[in-house]
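From first to last, the protein sequence lines are chains A and D. According to the UniProt record's numbering, the residues represented by the first sequence are 1 to 258, in order. According to the UniProt record's numbering, the residues represented by the second sequence are 1 to 356, in order.
Please note that the accuracy of each hint is not assured.
The list that follows gives simulated cross-link-like pairs (lysine-lysine, BS3-like), each with its CA atoms no further than 30 Å apart [stated by the list, open to error]:
hint, chain 1, residue 1, chain 2, residue 2
1, A, Lys122, D, Lys247
2, D, Lys353, A, Lys184
3, D, Lys146, A, Lys17
4, A, Lys132, A, Lys109
5, D, Lys32, D, Lys148
6, D, Lys148, A, Lys123
Worth flagging that the hints you see were computed from the coordinates, not collected in a lab. Here the structure is a predicted model, which is why all the values come from computation and not from measurement.
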Amino acid sequence: MSDPILKARGLNKRYGKVTAIDNCDFDLMPGEILAVIGDNGAGKSTLIKALSGAVQPDSGKIWLDGQEVAFASPNDARANGIETVYQTLAMSPALSITDNMFMGRELRKPGLMGKLFRTLDKKAMEDFAREKLAELGLMTIQNINQAVETLSGGQRQGVAVARAAAFGSRVIILDEPTAALGVKESRRVLELILDVRSRGIPIILISHNMPHVFEVADRIHIHRLGKRAAVIRPSDFSMSDAVAIMTGAMEPPASMAA
Amino acid sequence: MSNTDSFEEVVKTRREEKFAEFDTTEKGVLQKFHHALHTNTALVPLIVLLAAILVFGLILGEKFFSPFALTLILQQVQIVGVLAAAQSLIILTAGIDLSVGAVAVLCSVIMGQFTFRYGVPPFFAVLLGLAFGTAIGAVNGWLVSKVKLPPFIVTLGMWQIVLAANYLYSANETIRSQDIEAQAPFLQAMGTTVKLGGANLTFGVILMVILVLVLAYALRSTAWGRHVYAVGDDPESAKLAGVNVHKTLMSVYMLVGFICGLAAWVMIGRFGSVSPSATTGVIGNIQAITAVVIGGISLFGGRGSILGSFFGALIVGVFELGLRMAGADPQWTFLLIGVLIIAAVTVDQWIRKVTA
């Protein structure tokens with residue numbers, strides 16, 4: 001197997017007396033969907049935040065594509081091609097789909113208007129947004145300028161995933177993408193995730209939903225007590241085994257233990 | 001894939017419903033109107049403004065409906081108009097600035113006293129006044145953004161501090177209009193009148209209009225403007241989406257301080273004199289907030305347009321002049337403005353209902 005695209009070794013993060021991640025390792029292979037599961041408080045959010053630049057680990061190292069990186073902010077990680085879809089989606093409800101897709105990386109008009117007056121190139125941004133939504137089969141969102149608050153939960157998630165897919169050249173992190181959605185909408189988002197993977201972009205999927213995890217993940221990173229307890233393949237284990245490892249009821253199999 | 005999770009199979013196979021489709025069926029007139037208001041919040045105050053001008057024009061005739069009277073309104077609202085432009089920016093970030101009027105008065109005192117007490121050339125005194133306003137804005141912004149204090153508290157304190165400093169520094173001395181005219185006419189530059197037919201425009205009025213147009217452009221068509229809205233809408237989301245929230249807030253508060261400095265210069269032009277006890281210091285903030293609210297900018301941040309606040313300021317001006325010309329008790333003006341404020345917020349709530 002090839003080298004991991006995103007690798008972490010010995011990550012630590014403490015909040016006062018609480019150790020959120022404790023000497024944790026992490027590997028994401030190119031082109032795979034890696035699910036991260038773990039009980040509440042196991043430290044998976046902190047791990048993910050460390051990988052996406054939202055949290056700076058106290059110690060430990062991260063490599064992206066073999067190069068050591070240290071992200072000072074989410075923007076830093078983003079500049080390196082790591083996009084995160086947060087559970088809250090991080091969208092401004094009153095602003096349009098286009099505005100939200102380009103938030104923080106707006107395009108300016110070429111020439112004098114853009115340089116001197118910093119005019120936004122609304123047309124280019126709208127075209128790009130429309131194209132990206134169409135690529136992911138969300139073209140039924142017709143009015144790219146409608147406010148995000150007028151969209152349904154699934155549509156918002158779709159826009160957020162499209163935003164990540166449009167700009168995330170190397171890794172996409174999805175935090176609980178189906179948690180707030182209905183059954184049908186979840187299904188559509190899972191299809192979206194598979195669709196994004198088929199473009200060759202590796203995905204880190206954080207989810208509590210075992211059926212969803214077992215359906216789409218290539219490998220499952222089980223997080224327990226601040227570290228990686230095991231990495232399993234969904235074909236080799238049942239959901240109850242995964243939950244057992246996650247909660248400590250079952251020792252991780254020796255071959256899989258990390 | 002595991003064997004226990006086939007309960008969603010039915011959805012996978014039977015999914016004729018579309019996922020992200022929009023209902024494009026014809027909407028009723030009211031819904032269309034609602035949608036128009038939702039996308040363009042300055043529409044309501046504009047309609048109210050035009051209706052008010054029309055009503056007063058019909059009642060008072062030529063006396064009101066003349067270029068002279070209509071431009072007189074512009075002159076009367078120029079200070080509040082500039083302050084309202086500043087206030088709009090803060091309110092768009094879900095804040096509120098109670099210190100705008102006091103800062104403007106202190107800046108005007110600085111412009112005057114630096115010229116007359118220290119002999120600074122008027123041009124530089126004005127620049128210093130603008131710089132001072134910007135600095136106060138920076139302090140407000142820093143306290144709000146870094147120390148995370150509520151804007152209401154920060155500016156409530158700053159209002160008192162600035163107002164007191166203003167009296168202490170000036171020793172409550174007014175600089176007379178004649179002295180300024182004789183020795184430093186540049187301070188009164190914003191009072192310069194331009195005649196266009198029967199219309200009287202001052203530089204201050206022109207400055208106000210240009211300021212509003214420039215800000216409207218910046219808010220609509222630059223990344224900075226989009227960030228201001230995003231920060232007001234949901235700062236946490238804006239931050240995660242890659243907006244530098246601190247930088248955006250600082251830029252807004254500093255710009256507002258600078259605009260208060262501009263308001264100071266406009267004040268000197270309007271009054272002729274420099275007076276530390278100008279009423280703007282005490283009621284300027286409330287006047288500005290009134291204009292902003294009537295103009296349809298949401299106090300919860302992130303929604304509204306600066307053109308709306310400009311119309312809001314004009315609505316107040318039209319009511320004041322119209323009712324005075326009609327010989328009504330001035331208290332009617334306040335009563336009607338009170339009604340307008342409540343009506344404006346009611347309309348705002350209705351507009352915010354996206355599902356209507």
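Right, here's what the structure says about each hint:
no.	hint	in the structure
1	A/Lys122 x D/Lys247	holds, 23 Å
2	D/Lys353 x A/Lys184	holds, 26 Å
3	D/Lys146 x A/Lys17	holds, 26 Å
4	A/Lys132 x A/Lys109	holds, 20 Å
5	D/Lys32 x D/Lys148	violated, 41 Å
6	D/Lys148 x A/Lys123	violated, 37 Å
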